[in-house]
Structure formats: C-alpha cells, structure tokens
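S.K.: What follows is the residue order along each chain.
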Amino acid sequence: MTPVTAGRARPAHVRRRRFSAASPSWLFAAPALAVYALIVLYPAVAGVVYAFTDWSGIGRDMSFVGLENFRTLLGDEQAMGSIGNTLLLTVAIVVVQNGVGLLLALGVHAKLRSRALLRVIFFAPVVVSPVMVAFLWKYIYNPDPSAGLNGLLGLEVDWLGDPSIALWSIAGMVVWQNAGYSMVIFLAGLEGVPRELHEAAMIDGAGTGQRFRYVTWPLLAPALTINLMLSTIGGLKLFDQVFAATNGGPGYATETLSTVLYKQAFVFGKFGYSTAVALVLALFVAAVSLVQVYYLRSREVAV
Amino acid sequence: MRRTFVLEIVMIAVAVAFLFPVYTLVSLALKDPGQIARSPLAPPDPPTFDNFAGAWSAAALGPSLVNSTVITAASLVALIALGSFAAYFLARVQTRLGYGLYVLFLLGIVLPFQLGMIPLYELVNDLGLIGTHAGMILFYTGIQLPFTVFLYTGFIRALPREYASAAQIDGATHLTAFTRVVFPLLRPITGTVLILNAVFIWNDFFTPLVYLGGSGYETVPVSVFAYVGQYVSQHGLVFAGLVLGALPIVLVFLALQRYVIKGFASGLKG
Numbered sequence: 001m002t003p004v005t006a007g008r009a010r011p012a013h014v015r016r017r018r019f020s021a022a023s024p025s026w027l028f029a030a031p032a033l034a035v036y037a038l039i040v041l042y043p044a045v046a047g048v049v050y051a052f053t054d055w056s057g058i059g060r061d062m063s064f065v066g067l068e069n070f071r072t073l074l075g076d077e078q079a080m081g082s083i084g085n086t087l088l089l090t091v092a093i094v095v096v097q098n099g100v101g102l103l104l105a106l107g108v109h110a111k112l113r114s115r116a117l118l119r120v121i122f123f124a125p126v127v128v129s130p131v132m133v134a135f136l137w138k139y140i141y142n143p144d145p146s147a148g149l150n151g152l153l154g155l156e157v158d159w160l161g162d163p164s165i166a167l168w169s170i171a172g173m174v175v176w177q178n179a180g181y182s183m184v185i186f187l188a189g190l191e192g193v194p195r196e197l198h199e200a201a202m203i204d205g206a207g208t209g210q211r212f213r214y215v216t217w218p219l220l221a222p223a224l225t226i227n228l229m230l231s232t233i234g235g236l237k238l239f240d241q242v243f244a245a246t247n248g249g250p251g252y253a254t255e256t257l258s259t260v261l262y263k264q265a266f267v268f269g270k271f272g273y274s275t276a277v278a279l280v281l282a283l284f285v286a287a288v289s290l291v292q293v294y295y296l297r298s299r300e301v302a303v
Numbered sequence: 001m002r003r004t005f006v007l008e009i010v011m012i013a014v015a016v017a018f019l020f021p022v023y024t025l026v027s028l029a030l031k032d033p034g035q036i037a038r039s040p041l042a043p044p045d046p047p048t049f050d051n052f053a054g055a056w057s058a059a060a061l062g063p064s065l066v067n068s069t070v071i072t073a074a075s076l077v078a079l080i081a082l083g084s085f086a087a088y089f090l091a092r093v094q095t096r097l098g099y100g101l102y103v104l105f106l107l108g109i110v111l112p113f114q115l116g117m118i119p120l121y122e123l124v125n126d127l128g129l130i131g132t133h134a135g136m137i138l139f140y141t142g143i144q145l146p147f148t149v150f151l152y153t154g155f156i157r158a159l160p161r162e163y164a165s166a167a168q169i170d171g172a173t174h175l176t177a178f179t180r181v182v183f184p185l186l187r188p189i190t191g192t193v194l195i196l197n198a199v200f201i202w203n204d205f206f207t208p209l210v211y212l213g214g215s216g217y218e219t220v221p222v223s224v225f226a227y228v229g230q231y232v233s234q235h236g237l238v239f240a241g242l243v244l245g246a247l248p249i250v251l252v253f254l255a256l257q258r259y260v261i262k263g264f265a266s267g268l269k270g
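These protein sequences, in sequence, are chains A and B.
Anchor point for the first sequence: position 195 equals 195 in the working numbering, and the numbering is continuous, going up by one each time.
Anchor point for the second sequence: position 28 equals 28 in the working numbering, and the numbering is continuous, going up by one each time.
Each hint can be trusted.
Per the computed footprint, the stretches of chain B lying under chain A, defined by three or more beta-carbons under 8 angstroms from a beta-carbon of chain A, are:
id: 1; region: 24-36
id: 2; region: 83-97
id: 3; region: 118-126
id: 4; region: 134-143
id: 5; region: 193-203
id: 6; region: 228-239
Think of the hints as simulated: they come from the structure by calculation, not from any bench.
Source: prediction; values computed, not measured.
Built from N, CA and C at the ideal position, the CB exists for glycine as well.
Start from the sequences and build out the full structure, keeping to the hints where you can.
M.R.: Here is the structure:
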C-alpha cells in the first residue's frame, strides 16, 4: 500500500532464500482455524442449506422446498417492510454517526485543556451494553412532557410511539452510543497526518478549510474506510436496541431484518424461513462491504 | 489563541448535552418514586440509595456478575493466544495459501452471526455445551477471532522482521522467537484487542439470550433485561439496576482508557 512496504518486500525475499524457514509454519494458525471453522464457517454453510428447507426447529424432520422461503419473503409485508427499515436506519446511522464522529474528532484533536476528559466522555457510551442504553433511552424518549427529552426541550413528542418518527428515534440512540467509536478511529487517522504537510500548506497560504479539504481529508481515507464499514455492518445487523426499546413496534414501524428473523425462529418456530431471512441479511452485508472496500480502498493515498 | 478558547467552550457545551442521558440515569437511580413523579428532571433531593439495594437482590446480579466475568476472562485468554499465533503466520507468510487464509478470516467480520445461529445451536447442543460456560467461551472465541486476527495481522505486518530473525540466527525456533521476542512487542495492540473484545463479550445480549436463557448461567445483560421487564414502571429501581449492571465494564474502561485510544492509533497505522 505504501512505498515503505514495497521497499521492504525485496530484502525479505532475499532473506527467505538464505534461511529456509523464514516464515513460521502454518501450525501457528491451525488452532485458530479449527475454532473458527467450527464456530463460524460450518454453521454459516449449514445455514445456507437450511434456508432452502421448511425446518420447524423441532427434531430433524425437514424437506427441501427450493426457493419457497424466498417467495414467502417477497409476499411477507412485515419482512419486506423490515428490509426498508433496515436500509433507512443504516443510511441514517452511517451518515450521522460518522459526521458527528468526525466533528468530535476534529474538536478533541485541537490543543484544548479539557481534551483528555472530553475524549473519555465521548467514548464512554461505547462501553455500555446496547440493551441497557436502549432501556435508558426508552425513558428519555417517554411521551411525558415534563420528563426526559420532552421535559428538556419543552416538547410533547411521542418519540417511540409515533410510527412516523420511531425509526429515527432508534437511529438517534444508536448514534449517541457509537459516535465516540467513530471519533476514536478518526482521531487515530488525524494523529497520523504529518505536521509538515500542514505547515507546508500554511506557507503556501492555504486557510483552515483548504487545509482540511486538500491535506487532512485525503489522509483520513483509511480511517473513513474502516468507520464506514463498521457502522454499515452494525446498522444492517442492528438488533439489541430495537428489541429492547420497541420490539419492532409500533405496528411494524421499527422492525429490522434481525428482529424479524429472531421472531420467525423463536416465536413462530419457522427456523427454515428465519434462516432464509438471515441469508438475505448476509447478502446485503456482503454486497455493501465489497462495494465499500473496492471503492474506498481505491481512493486511499499513500503518505 | 482566542479561537482555541471558543472551540473549547463549544466542545464543553457539546459534552454537557452529550451527558444528559447519563445525568438522567444517575439522578433517577438516586430518587424515590415520589420525587420521580414530582420533578423528573430535577437533581435528587435528598438522594436515596434504597434503589441500589433493591436492584442488587431483585436482579440477582451477584451470580450473573460471576458468569460474565468467567466467560469474558476465559474468552479473552483464548482470543489473545489463538489470534496472535494465527496472525503471526498470516502476517509473515508470503504464499497464496497464507493470503487465502487471511481473506477467509476476514470473511468472518462480514458474515452476520444470525446466518449460522441455528446450526450452531444444534452443534453446541450435540456437544452437550448448551447453557454452560464452556459453550459460551468456545462461541465467543470463534466469533471474535476474525476481528482479533485482523487487528494483530495489521500490527505485525508493520513490525520489522529483524527482531525475530536475530533471535532465530541465535538458534531460537519460531515458537520461542514468537513467544519471547515478538509477543512482548505486541503489547499496544494486545491492549486494544483486550478492551474491544471485553466490551463486546461483556455486553453481548443476543447470543446469551438464545443460548443461555433460563439456564441459570445468565450473563449481566440477560439478567438486567429480565429484571427490567419485571419492574418496568419503577424507574428508580430499573435505573439503579442499569447503573449496577454497567458499572464493572465502565470501571475497567476508565482504568484502561489511555490504552484504548493509543491502541486504536497503532492498530490503524498497522
């Protein structure tokens, strides 16, 4: 990726010829590979198979039904709605969380007296369980005009009870919890920007805005790639916050792919169908990540 | 100078707004039901600690703290051992097989756990590990290995090969070169691996809900979830339970927070 690595590659090659065993044996990776194959790879492959069956989850009785589950999915209003909700929620979370995270990072990157404390404050919600954050926000979002957010802002909004805004309220609590995560990754990127580049740009007469646009922003590309990927995957898989705060309601207004597949399996006993929904979720995640990796990596520059 | 001052004021104002939910959490936990009904936003006057005693026994937090601690600690040991060993191979090998394995591990970051959820349940059940600590430890080790391997591999790639080569010229095997020379150099990224996995495992809700529900081996988030369901209208009690449930991991974070941010920086550069 960088000239440094390219330069390092050749001597390594030479060394390899001199010491026959310069690379460690694959046995180093064997235990990890075994656990990974058992816990992640095998179940995922088996899951793909189950997605084409009518398994009820009881006993081993099942038959292959071809694309039946996917046809059911297309006609299932609740599930189709959840796909729309999941995508909207993901876009909102990705945009706002990373926007806020970047602004926070720029703020606490400056030489402020309170910056160490500010960093701790903004990151702290990340370490708290999402289920517990959801319960806390369920109260903050309560419709009582004298309590929570309404009491603070003098509003009378039913944040989680009004189907037209409930989804955005969920996005709000997720952003509050995770903005600090994005901030820390951007901060790591900002600390990697060489000071000399800023000084050179300043001597050339570039203002703050121009220096951000032409120096900082391009060099933040690796941090941006990681942030966008993590927040997109997190958004698409979102379960805990929805399950604890609204359980998909009111109506189906906040139902996501994860809550639908959970209910189909553990409430309705349709394990085959549930796994088909999980496969759709997996395909979404894979497609989005692939596009992001190829597009974003291509615009990363070497220092 | 003046501009920095303005920025500082702005950032402090943002932090105060950001802390509003935390204020709500703590102040409600310190109020009796009468105070909450009368003035939900005002600070507790006088503060009461009755909610904490009530929540501690009602949520059965003692046993679930033990469960969470055992599961988290054992998984972290396994993740650090297996992950760093695997990453050492993946970072140093220059064959197609090595690269293929690396990509195979990265796939695990993207794959949603839900896809394999049901087959995994069967597998763990067949092994007789449903509702046990061992089952959960095995599970978390597998599920968090991709992220762990990713962080370690990036870091090791940026580390000069010369340290290990020197040890090997002196007659050390790969194993001793790794454990004695390379692993100690990984301390910053091990810190990051430790805290990020600890946060994930300690706070995970979905898996223990599915695999541990009703087993008597519930972890903290599952206990708190069941407890909140029971006392849903008594906000003082509920919030005291939330404070107690979140406290251990918040304390660990506050103790290690220097390493979190530093470790992130080194992980990203790698």
